[in-house]
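Colleague: For reference, the chains in residue letters:
2 protein chains.
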Amino acid sequence: MKVRRSNRLVDMTRYLLEHPRTLVSLKFFSERYGSAKSSISEDLSIIKHTFQTWGEGRLKTIPGASGGAVLTPYYSKENAQAAIEDLVKEVSDDSRFLPGGYVYLSDLIGRPDILHKVGQLIATQYVDKDVDVVMTVETKGIPIVQAAAMYMNKPFVIVRNSSHITEGPTVSVNYVSGSVKRIKKMELSRRTLSAGANVVIVDDFLKGGGTLNGMGSLIKEFDANLVGMTVLAESTNSGKRLVNDCTSLVKVDAEEDGDKKTINARPGNFMETVFGKEN
Amino acid sequence: MKVRRSNRLVDMTRYLLEHPRTLVSLKFFSERYGSAKSSISEDLSIIKHTFQTWGEGRLKTIPGASGGAVLTPYYSKENAQAAIEDLVKEVSDDSRFLPGGYVYLSDLIGRPDILHKVGQLIATQYVDKDVDVVMTVETKGIPIVQAAAMYMNKPFVIVRNSSHITEGPTVSVNYVSGSVKRIKKMELSRRTLSAGANVVIVDDFLKGGGTLNGMGSLIKEFDANLVGMTVLAESTNSGKRLVNDCTSLVKVDAEEDGDKKTINARPGNFMETVFGKEN
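Chains A and B, in that order, are what the protein sequence lines are.
Using the working numbering, count along the first sequence one by one with no gaps and you end on 280.
Using the working numbering, count along the second sequence one by one with no gaps and you end on 280.
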């Protein structure tokens, strides 16, 4: 079968998007389409140029016999800004007010359109970092970790709050839940994380920072390395923090003044952190 | 800006894949690329033909002034078969044995390549169904529900095992956990599911069927409709079941004979259910 360029471009785009940050060889595409490697190289230039133009990712081509292409999805500054603004708009809704300074976000972290943005934003932050695994703690961090992991094409691990019989041997740490000042326990299955692994931590919401801090301790217990921490939303009126250096996509405060309950959302520190101070 | 066909095809493919099961108008693409609607229509034919050829989805084009295109990702029978076989191969590993007839699957549900397959398989099953929301129960069902929801472009909801302060008002049901014969409680935030919604239930593992059954009760409490149930893996040596009509991608038994612990994995009933009896 010989496949025409127009069809090749469609299928290659789909294939590369399903295998981000992975070297796909010229040979693979050449055999898949019955086309010369030189034609495939031209196709890849077109794909590279298109992703660059629309600010959706970069295609790195590796020359030579064992060469190929690696698609790394990321947002241009302009697209990242627009995605953050969309998130702020979605969070800015007084009906999200919950008692105790919490904010209802469960609907957002169950929406594919939101998760695409969150995932691609986090992948953008770590675009030039060596990442082996993305970590979160159950339950609401899971959609965030999965969205990020899909764009980065890295496995993710879920830290659990208590013992589950289906996990096999675990490593556990105690941590202080910053917002309620209680000692809690979190644990991770022994076989899910290797020594020396480079780990990105993500979560849905940063308040006191206790759980992020706990995950940091767990990473140390496994002799792994912390690359960075990113949360969907951080609360800014929660007093002293147990973590520094956490990136947030959105900042949000739940304020109560008598019967008046308001949600105040604005961009987090993502743009400064990722694209520099001038933002 | 006028964009050439080759670049349009790449960007349209990316855009459509990020917005599956959504009508994208000719007008949108025409304005995005500064191209005539007739050219966009020709592009869409090429995309349609390509997805069909590779068995990765169908593109439905809607003619007329308000027309456009809807991309529905699904697997051809051949691709579905290959994906199921890959899953069986991954599960067939005696080191996955856990006490009590359980099987260690946490690594698989944290791998993007596996989740792509699981998500597209489940989307294939419900390709012609009217689905409003996909449901699961915490914790290990979440990666499955999210993978399916991303391919179907539908929101997902997570049933919780206990009260969490951040959720607002909830509806709860008691259910019998089939494998341990205990009464447990599960609950769902009141605002996450509407009456009349069409719901697909997914989970990672079917043993006794208690949790699936509980989610079925919860759907009734919300006056919503159950469209179908699908699990990644079902255990076949767990005796009497509390649910019928559940589709499984993989069947797996954890067997213990003295010191010898074996995992026996084979295809579930997915292929018969989705593609008919001749499989």
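There could be a bad hint or two in this list.
[To be verified] Stretches of chain A that chain B covers, calculated by requiring three or more beta carbons in the stretch to come under 8 Å of a beta carbon on chain B:
{"id": "1", "segment": "11–18"}
{"id": "2", "segment": "108–114"}
{"id": "3", "segment": "252–260"}
[As the list claims (entries may be wrong)] In silico negatives: residues of chain B with every beta carbon more than 10 Å from chain A:
{"id": "4", "residue": "S31"}
{"id": "5", "residue": "G35"}
{"id": "6", "residue": "T62"}
{"id": "7", "residue": "I63"}
{"id": "8", "residue": "A84"}
{"id": "9", "residue": "K130"}
{"id": "10", "residue": "N175"}
{"id": "11", "residue": "N226"}
[What the hints assert, rightly or not] Some chain A residues near chain B, calculated using beta-carbon distances under 8 Å:
{"id": "12", "residue": "Q53"}
{"id": "13", "residue": "W55"}
{"id": "14", "residue": "D95"}
{"id": "15", "residue": "P144"}
{"id": "16", "residue": "Q147"}
{"id": "17", "residue": "V158"}
{"id": "18", "residue": "I264"}
Because the hints were derived from the structure by calculation, they are not lab data.
Cβ coordinates follow ideal geometry from the N, Cα and C atoms, glycine included.
Colleague: It remains to establish, for every hint, whether it holds in the given structure.
Modeller: Cross-check of the supplied hints:
1. With a cut-off of 8 Å between beta carbons, the segment 11–18 of chain A has 5 residues touching chain B; three or more are needed, and the interface restraint holds.
2. Look at the segment 108–114 of chain A against chain B: 5 of its residues bring a Cβ nearer than 8 Å to a Cβ of that chain, three or more, so the hint holds.
3. Three residues within the 8 Å Cβ limit are the bar, and the segment 252–260 of chain A against chain B gives 0, so the coverage statement is violated.
4. No Cβ of chain A comes within 10 Å of the Cβ of B:S31; the nearest lies about 16 Å off, and the non-interface call holds.
5. Consistency note on B:G35: stated as away from chain A, and its beta-carbon is indeed over 10 Å from all of that chain's, at 13 Å minimum.
6. At roughly 15 Å, the least C-beta separation between B:T62 and chain A is larger than 10 Å, which holds for a residue marked as non-interface.
7. The beta carbon of B:I63 sits about 19 Å from the closest Cβ of chain A, which is more than 10 Å, so the claim that it is off the interface holds.
8. With a least CB separation of 12 Å from chain A, B:A84 remains clear of the 10 Å interface cut-off, as annotated.
9. With a closest Cβ-Cβ approach of about 17 Å to chain A, B:K130 is found to remain outside the 10 Å limit, as its non-interface label requires.
10. Look at B:N175: its CB is around 20 Å from the nearest CB on chain A, clear of 10 Å, so calling it non-interface holds up.
11. For B:N226, the requirement that its beta carbon stay farther than 10 Å from each beta carbon of chain A is met, with the minimum near 19 Å.
12. For A:Q53, the suggested interface contact is broken, since its CB lies about 10 Å from the closest CB of chain B, more than 8 Å.
13. For A:W55, the suggested interface contact is upheld, since its CB lies about 6 Å from the closest CB of chain B, less than 8 Å.
14. For A:D95, the interface hint is violated, since its Cβ never comes within 8 Å of a Cβ in chain B; the closest pair sits about 13 Å apart.
15. Taking 8 Å as the C-beta cut-off, the interface hint given for A:P144 holds, the closest approach to chain B being about 6 Å.
16. With a least beta-carbon distance of about 5 Å to chain B, the hint placing A:Q147 at the interface is held under the 8 Å criterion.
17. Hint on A:V158 holds. Least Cβ distance to chain B is approximately 6 Å, under the 8 Å limit.
18. The beta carbon of A:I264 is not positioned within 8 Å of any beta carbon in chain B (closest approach about 13 Å), and the interface hint is therefore violated.
The structure does not agree with the numbered hints 3, 12, 14, 18 stated previously, though it agrees with the rest.
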